[in-house]
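2 protein chains.
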Amino acid sequence: MLPDLSRFGKKFTAASGIVDLMEDLGSALLSNPDMLMLGGGTPARIGMVEAIYSRHLRALVADDQSHYHLLGRYQSPAGDEAVRDQLAGLLNAEYGWPLDRHNIAITNGGQSAFSILANLLAGPMEDGSHKRVHFPLVPEYLGYADVGFSENFFSATKPALSLLPERRFKYHIDFDALSAGEALGPATGALCLSRPTNPSGNILPLAELQQLDTLAARHAIPLIIDAAYGLPFPGLHFDDSAAYWSDNTILLLSLSKLGLPGLRSGFVVGSPELIEAFSRANTILNLASGNAGPLFAASLMESGDLLKIPREILCPWYERKLESAQAAILQALEQVPCHLHVTDGAFFLWLWFPELPLSTTELYQQLKQEGVLVIPGDTAFPGLEEDWLHSRQCIRLSYAVEDDVMARAAEILGRVLRRLHGV
Amino acid sequence: MLPDLSRFGKKFTAASGIVDLMEDLGSALLSNPDMLMLGGGTPARIGMVEAIYSRHLRALVADDQSHYHLLGRYQSPAGDEAVRDQLAGLLNAEYGWPLDRHNIAITNGGQSAFSILANLLAGPMEDGSHKRVHFPLVPEYLGYADVGFSENFFSATKPALSLLPERRFKYHIDFDALSAGEALGPATGALCLSRPTNPSGNILPLAELQQLDTLAARHAIPLIIDAAYGLPFPGLHFDDSAAYWSDNTILLLSLSKLGLPGLRSGFVVGSPELIEAFSRANTILNLASGNAGPLFAASLMESGDLLKIPREILCPWYERKLESAQAAILQALEQVPCHLHVTDGAFFLWLWFPELPLSTTELYQQLKQEGVLVIPGDTAFPGLEEDWLHSRQCIRLSYAVEDDVMARAAEILGRVLRRLHGV
Numbered sequence: 001m002l003p004d005l006s007r008f009g010k011k012f013t014a015a016s017g018i019v020d021l022m023e024d025l026g027s028a029l030l031s032n033p034d035m036l037m038l039g040g041g042t043p044a045r046i047g048m049v050e051a052i053y054s055r056h057l058r059a060l061v062a063d064d065q066s067h068y069h070l071l072g073r074y075q076s077p078a079g080d081e082a083v084r085d086q087l088a089g090l091l092n093a094e095y096g097w098p099l100d101r102h103n104i105a106i107t108n109g110g111q112s113a114f115s116i117l118a119n120l121l122a123g124p125m126e127d128g129s130h131k132r133v134h135f136p137l138v139p140e141y142l143g144y145a146d147v148g149f150s151e152n153f154f155s156a157t158k159p160a161l162s163l164l165p166e167r168r169f170k171y172h173i174d175f176d177a178l179s180a181g182e183a184l185g186p187a188t189g190a191l192c193l194s195r196p197t198n199p200s201g202n203i204l205p206l207a208e209l210q211q212l213d214t215l216a217a218r219h220a221i222p223l224i225i226d227a228a229y230g231l232p233f234p235g236l237h238f239d240d241s242a243a244y245w246s247d248n249t250i251l252l253l254s255l256s257k258l259g260l261p262g263l264r265s266g267f268v269v270g271s272p273e274l275i276e277a278f279s280r281a282n283t284i285l286n287l288a289s290g291n292a293g294p295l296f297a298a299s300l301m302e303s304g305d306l307l308k309i310p311r312e313i314l315c316p317w318y319e320r321k322l323e324s325a326q327a328a329i330l331q332a333l334e335q336v337p338c339h340l341h342v343t344d345g346a347f348f349l350w351l352w353f354p355e356l357p358l359s360t361t362e363l364y365q366q367l368k369q370e371g372v373l374v375i376p377g378d379t380a381f382p383g384l385e386e387d388w389l390h391s392r393q394c395i396r397l398s399y400a401v402e403d404d405v406m407a408r409a410a411e412i413l414g415r416v417l418r419r420l421h422g423v
Numbered sequence: 001m002l003p004d005l006s007r008f009g010k011k012f013t014a015a016s017g018i019v020d021l022m023e024d025l026g027s028a029l030l031s032n033p034d035m036l037m038l039g040g041g042t043p044a045r046i047g048m049v050e051a052i053y054s055r056h057l058r059a060l061v062a063d064d065q066s067h068y069h070l071l072g073r074y075q076s077p078a079g080d081e082a083v084r085d086q087l088a089g090l091l092n093a094e095y096g097w098p099l100d101r102h103n104i105a106i107t108n109g110g111q112s113a114f115s116i117l118a119n120l121l122a123g124p125m126e127d128g129s130h131k132r133v134h135f136p137l138v139p140e141y142l143g144y145a146d147v148g149f150s151e152n153f154f155s156a157t158k159p160a161l162s163l164l165p166e167r168r169f170k171y172h173i174d175f176d177a178l179s180a181g182e183a184l185g186p187a188t189g190a191l192c193l194s195r196p197t198n199p200s201g202n203i204l205p206l207a208e209l210q211q212l213d214t215l216a217a218r219h220a221i222p223l224i225i226d227a228a229y230g231l232p233f234p235g236l237h238f239d240d241s242a243a244y245w246s247d248n249t250i251l252l253l254s255l256s257k258l259g260l261p262g263l264r265s266g267f268v269v270g271s272p273e274l275i276e277a278f279s280r281a282n283t284i285l286n287l288a289s290g291n292a293g294p295l296f297a298a299s300l301m302e303s304g305d306l307l308k309i310p311r312e313i314l315c316p317w318y319e320r321k322l323e324s325a326q327a328a329i330l331q332a333l334e335q336v337p338c339h340l341h342v343t344d345g346a347f348f349l350w351l352w353f354p355e356l357p358l359s360t361t362e363l364y365q366q367l368k369q370e371g372v373l374v375i376p377g378d379t380a381f382p383g384l385e386e387d388w389l390h391s392r393q394c395i396r397l398s399y400a401v402e403d404d405v406m407a408r409a410a411e412i413l414g415r416v417l418r419r420l421h422g423v
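Chains A and B supply the protein sequences, listed in that same order.
So in this note's numbering, spot 219 of the first sequence is number 219, and the numbers just go up one at a time.
So in this note's numbering, spot 61 of the second sequence is number 61, and the numbers just go up one at a time.
It should be emphasised that the hints constitute simulated quantities derived from the structure, not laboratory data.
Remember, predicted model here, so these are calculated numbers, not experimental data.
Just so you know, not all the hints are guaranteed correct.
Below, simulated DSS-like cross-link-like pairs (lysine-lysine); rule was C-alpha separation at most 27 Å, straight line [what the hints assert, rightly or not]:
| # | chain 1 | residue 1 | chain 2 | residue 2 |
| --- | --- | --- | --- | --- |
| 1 | B | LYS308 | B | LYS368 |
| 2 | A | LYS10 | B | LYS10 |
| 3 | A | LYS10 | B | LYS11 |
With the sequences and hints as input, model every part of the structure.
The following block contains the structure:
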């Protein structure tokens, strides 16, 4: 039987994009083992990288003394001191950021970190008011959409959109709209963006990021930068954009897209006061973070692999993959009205069908029937209250797949979309 | 800088017993490396068990193919299907419980599971009312106290208390008070108890557990049984009490007290509807559970070690430890007015000083000054609204320590308490 659920319970068990996605990833394969899985955020299997991780894993367990550190200890609230020192040192050496361990907390992965952080900074306030986390640039990560413990938790500013040559397009922060709206008023507790953006692979230029951070600081709210796909690791930036941190930013890092999602591990980099608050809430909700992730990260840092793998392997690998995926998709959709977002990073293609004669949720169902799993874009506009037709005309594809999977998927995508557009 | 925090943020960053405890465990040792650590819930280091875990760990990473399963995959919302099948099969074979994988979800440890569950079942309701999680028997685990996303989240029924020979005492559920109060009315969303109880090592007899579950079912609320220290694993039951599950109960299991807290892994066993709700909320808040815990558990299940280690090693080991710890403490406190709770399980001594001339928080500070870390009992009565002097007269000690640590701690404890009592 299912007992009465609280308001929180009803909210968290109602329809949710991220739950549908994670269920689909499991069950779609059960119902159709040949399903072409372009749906999730699962990182690619890259033999050379797996071999390096195997080496680290074997080294970690080679010494029986290390087993206790891996299995038998609880970490303190902010996590293993030595690992936090090590990461602070690395970020200082690499970028000159003036950090020490008090700027860093170990987390059980990016999703867990974001859900705690968002609820620390937004929701019902003690004075009876209600604050929201604001996305200055949507589309954004569908997994953000449901993490608020209260309703009406996010807001968003509609982006500007430029059409570019060769069927490309790009979203931009509409700074005028951002400043004119309520985003910088008392109803906002934090600004947040992912960089590169999931789903569109958009990377906010450094100058605009600084502008955004300055705006946020002027209004005494932090800027959360979710670097799940970004710098310094897994480093999936294909342009020359730089990493960024200031004492007004909260940087979320994760090991997942390095190819290590099973470790559920990441870091928050922020002011000591913010890190202290985060660690306390994390202790209450999770008691402690797991040991395997930070010890694995320590091993990667010690050898230099934590930055070497992104620079020497992951980034070139995904960039090559992007090129062939883009070519396959553009060719398959040659006759279909379609724009492809410029991909500066991450591992997704974001397709916009401006004349789509049905919703992307229906398109998603038709594609699934035909054996291709994608993400309908409807869920990628958290907090956007305005009804925007565009938000029902986009889909996300992961290209972190084998070339032949992408080729077959492109063929099906082309066939279905030609049929739908009658071309 | 610390930005404005939400109501949730203020609540979660205010004083918290569990945060103080986890911080103490880290920092007390930094400030005094000789500190006698009787404070935490860290399981004992047992060489024979560590050797077995080392064997499993080495086997898990021996095969390069398994590394991907450990590191590279996301689990589906309720967790790895094969591991859930395996645990269902084991519980069915062992206890005859009619379970399949749909009754089981994998969690990131007991604390994470409880905090999600509690907030699914209590807090603000859609009809505007507010429900609470009720503890029919306090003292209870201090880590429960702060997990509610809203205020006034727990309630508790004051226990009956029997004085027993040889300076022992024991808490009992006061079923009359439980039925007479509001605990079984519309303001309660679930009953909850740990079995054995942390901190007192109390094990609710099977007949009373059934009575409690029947009462709960009659009022259409579930009974949460937190078996973090209990059956089937880590199995720290020193009496002959049995494991219990019904389709009205939600059983929380964890690998931590087996000696594996670094894995942050456990299981929820409940109705399929409850498991579905839990998994959805867990996906939103944590995306997925980690892989190391369930794969380690699978390896332990396959070899039979998951139940063999508790029965053949842990339970006898802790029971021996309990005997020597009790003897040392009772002797050291011979002249001090003191009662010791009957310990039927877990690895704590719960001491009651009925003539203590100061609060246990002050006693805790004095003991820390003298080099012994214990837990003041004040935090162990979550939800009890009545002012009960008794709740400020108890402390918890862990006896999961070396014998000489316990001997030195007992000596200091005796000295400090004799001084305080002027004997």
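Q: Find the hints from earlier in the document that the structure breaks and name them by number, from lowest to highest.
A: 1
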